[in-house]
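Dock chains B and C against the given chain A, drawing on the hints supplied.
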Amino acid sequence: MSLAAPLASGATLVLGGARSGKSRFAEGLIEASGRPAFYIATAEAHDDEMRRRIGEHRDRRSGLWTTVDAPLALGEAITAHAQPDGAILVDCLTLWVTNLMLAGADIPAESEALATLLSQPLPCPVVLVSNEVGLGIVPDNAMAREFRDHAGRLHQSIAAVAMRVTFVAAGLPLILKG
Amino acid sequence: MSLAAPLASGATLVLGGARSGKSRFAEGLIEASGRPAFYIATAEAHDDEMRRRIGEHRDRRSGLWTTVDAPLALGEAITAHAQPDGAILVDCLTLWVTNLMLAGADIPAESEALATLLSQPLPCPVVLVSNEVGLGIVPDNAMAREFRDHAGRLHQSIAAVAMRVTFVAAGLPLILKG
Amino acid sequence: MSLAAPLASGATLVLGGARSGKSRFAEGLIEASGRPAFYIATAEAHDDEMRRRIGEHRDRRSGLWTTVDAPLALGEAITAHAQPDGAILVDCLTLWVTNLMLAGADIPAESEALATLLSQPLPCPVVLVSNEVGLGIVPDNAMAREFRDHAGRLHQSIAAVAMRVTFVAAGLPLILKG
Numbered sequence: 001m002s003l004a005a006p007l008a009s010g011a012t013l014v015l016g017g018a019r020s021g022k023s024r025f026a027e028g029l030i031e032a033s034g035r036p037a038f039y040i041a042t043a044e045a046h047d048d049e050m051r052r053r054i055g056e057h058r059d060r061r062s063g064l065w066t067t068v069d070a071p072l073a074l075g076e077a078i079t080a081h082a083q084p085d086g087a088i089l090v091d092c093l094t095l096w097v098t099n100l101m102l103a104g105a106d107i108p109a110e111s112e113a114l115a116t117l118l119s120q121p122l123p124c125p126v127v128l129v130s131n132e133v134g135l136g137i138v139p140d141n142a143m144a145r146e147f148r149d150h151a152g153r154l155h156q157s158i159a160a161v162a163m164r165v166t167f168v169a170a171g172l173p174l175i176l177k178g
Numbered sequence: 001m002s003l004a005a006p007l008a009s010g011a012t013l014v015l016g017g018a019r020s021g022k023s024r025f026a027e028g029l030i031e032a033s034g035r036p037a038f039y040i041a042t043a044e045a046h047d048d049e050m051r052r053r054i055g056e057h058r059d060r061r062s063g064l065w066t067t068v069d070a071p072l073a074l075g076e077a078i079t080a081h082a083q084p085d086g087a088i089l090v091d092c093l094t095l096w097v098t099n100l101m102l103a104g105a106d107i108p109a110e111s112e113a114l115a116t117l118l119s120q121p122l123p124c125p126v127v128l129v130s131n132e133v134g135l136g137i138v139p140d141n142a143m144a145r146e147f148r149d150h151a152g153r154l155h156q157s158i159a160a161v162a163m164r165v166t167f168v169a170a171g172l173p174l175i176l177k178g
Numbered sequence: 001m002s003l004a005a006p007l008a009s010g011a012t013l014v015l016g017g018a019r020s021g022k023s024r025f026a027e028g029l030i031e032a033s034g035r036p037a038f039y040i041a042t043a044e045a046h047d048d049e050m051r052r053r054i055g056e057h058r059d060r061r062s063g064l065w066t067t068v069d070a071p072l073a074l075g076e077a078i079t080a081h082a083q084p085d086g087a088i089l090v091d092c093l094t095l096w097v098t099n100l101m102l103a104g105a106d107i108p109a110e111s112e113a114l115a116t117l118l119s120q121p122l123p124c125p126v127v128l129v130s131n132e133v134g135l136g137i138v139p140d141n142a143m144a145r146e147f148r149d150h151a152g153r154l155h156q157s158i159a160a161v162a163m164r165v166t167f168v169a170a171g172l173p174l175i176l177k178g
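Chains as they are written, first to last, in full-length UniProt numbering: chain A, 1 to 178; chain B, 1 to 178; chain C, 1 to 178.
Check each hint, because a few of them may be wrong.
To be verified - Computed list of chain B residues with no C-beta within reach of chain A, every gap over 10 Å:
1. 119
2. 137
3. 163
What the hints assert, rightly or not - Only pairs whose alpha carbons sit at most 30 Å apart, straight line, appear in this in silico DSSO-like list of lysine-lysine:
4. A:177 - C:177
5. B:177 - A:177
6. B:177 - C:177
The set of hints was computed from the structure by calculation and includes no laboratory data.
These numbers come from a predicted model, not from an experiment.
Glycine included, every Cβ here is placed at the ideal spot set by N, Cα and C.
Just chain A, same shape as in the assembly (with noise of 0.2 Å):
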């Protein structure tokens, strides 16, 4: 089975773990449909570790990339850049639940304000990839157990709207709907 099946319309959901070739699995859905992508990144470098990271998955991207950085804004991102012809990239949705957390947003009024811009008609194909975090033993600190509700009641709502959600384990496909 080829990684690089033929890039879905509407809203793509590319769900998997930590080091699970998630984002390298996104990139190669947009990569082999030719179109010119834009990489919508909600990461904020807080530290070398992040800033390292972040380097790592730009270096690994050609140059048919144009990166926007919404930490927030997300909504507005997607909308501002989807363009007829081409395609977005957002890398990644637990980060940016992170970073509303961090800003005092209302995160359900968000989540659901996102889902109902992807549940629309959109001019591009959109791939959104997001951290699975709710298979493990429950956190004893509250506000990642907060994160956890969160990021599952996030990746629920955007798995309805989507046309297709492929779970990424060890960088290999498993189709959840499309």
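What follows is chains B and C alone, placed relative to chain A:
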């Protein structure tokens, strides 16, 4: 694919992470059958957070449901409420394991007894929800490791006798068995 | 579906969580083949809990198995014991990564060397078991994050060259590849 697949006879195990939509998926299986159902709750509200979570689950369910509390005597509750034309939802096995640990019970023996009960012909479908908790980093805490071991072994025992096993991620089912 | 699917030639990667039944599933693959097998153990018993876990795994296996310890020199052990008509089980890769970290080894280089070895024609089937550890909350501990990164990257490398990759949950297999 409809979430409302026909309700299998015998036991169905629904595994998933935190906020994966596993309870809602399990409720959907039973509600689609139109059968009056017993909701066997293993949760005990030790604090406000738990009370809120239990309340959210309860508010979501329709009037078809009768709630029964069974923090420890789960097999007895299943036997007492299994009626022809009815259905049973157990939510969830991981909280039952937690309660058994706090009560100092013999968990391998309790797990074996539940698997034996579920391996026998049942008067009605029984759907059991549980958290997959073994896919994160090994916990520092010895009790958390012990819990994780008990939960994992219980899942294997129940899955071996269940007619159907489903893994739920982002509200979407992956069929493991059945 | 029988757990005893025919044993594929080449490398098979069996991923799963703690107490998911992944080792038992992998052993079943090899036992069903009837081939005499080498069990290459990467575990080192640092404490009583580890000694107990190793003993449980060892007690479960039948007389067809010869146990070989390879906490660090895994590739050498595979090469030394790969014989036509035989079979090899490596249990598990995540403990190998832990041992390499404790020894201060160059883990990307070691991972690459193992993937290269497994990508070449092998005299007999080699089944490798590993823990998926990347599906929980980001660990607080920097060493745990580093371990999680090494394990995830190794899984991607091995999965890319393996003939078959299986994810095991509750003792049941999901085919990722092959």
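Status of the hints after comparison with the structure:
1. Non-interface call for residue 119 of chain B relative to chain A: holds, since the shortest CB-CB distance, roughly 27 Å, exceeds 10 Å.
2. With 10 Å as the threshold on Cβ separation, the claim that residue 137 of chain B sits away from chain A is violated: the shortest Cβ distance comes to roughly 7 Å.
3. Every beta carbon of chain A lies more than 10 Å from that of residue 163 of chain B, the smallest distance being close to 22 Å; the non-interface claim holds.
4. With a C-alpha separation of about 18 Å, the suggested pair residue 177 of chain A and residue 177 of chain C falls inside the 30 Å cut-off, and the hint holds.
5. Proximity of residue 177 of chain B to residue 177 of chain A is assessed by CA-CA distance (about 18 Å); at most 30 Å being required, the pair is judged to hold.
6. For the given pair, residue 177 of chain B sits about 18 Å from residue 177 of chain C by alpha-carbon distance, which is consistent with the 30 Å threshold.
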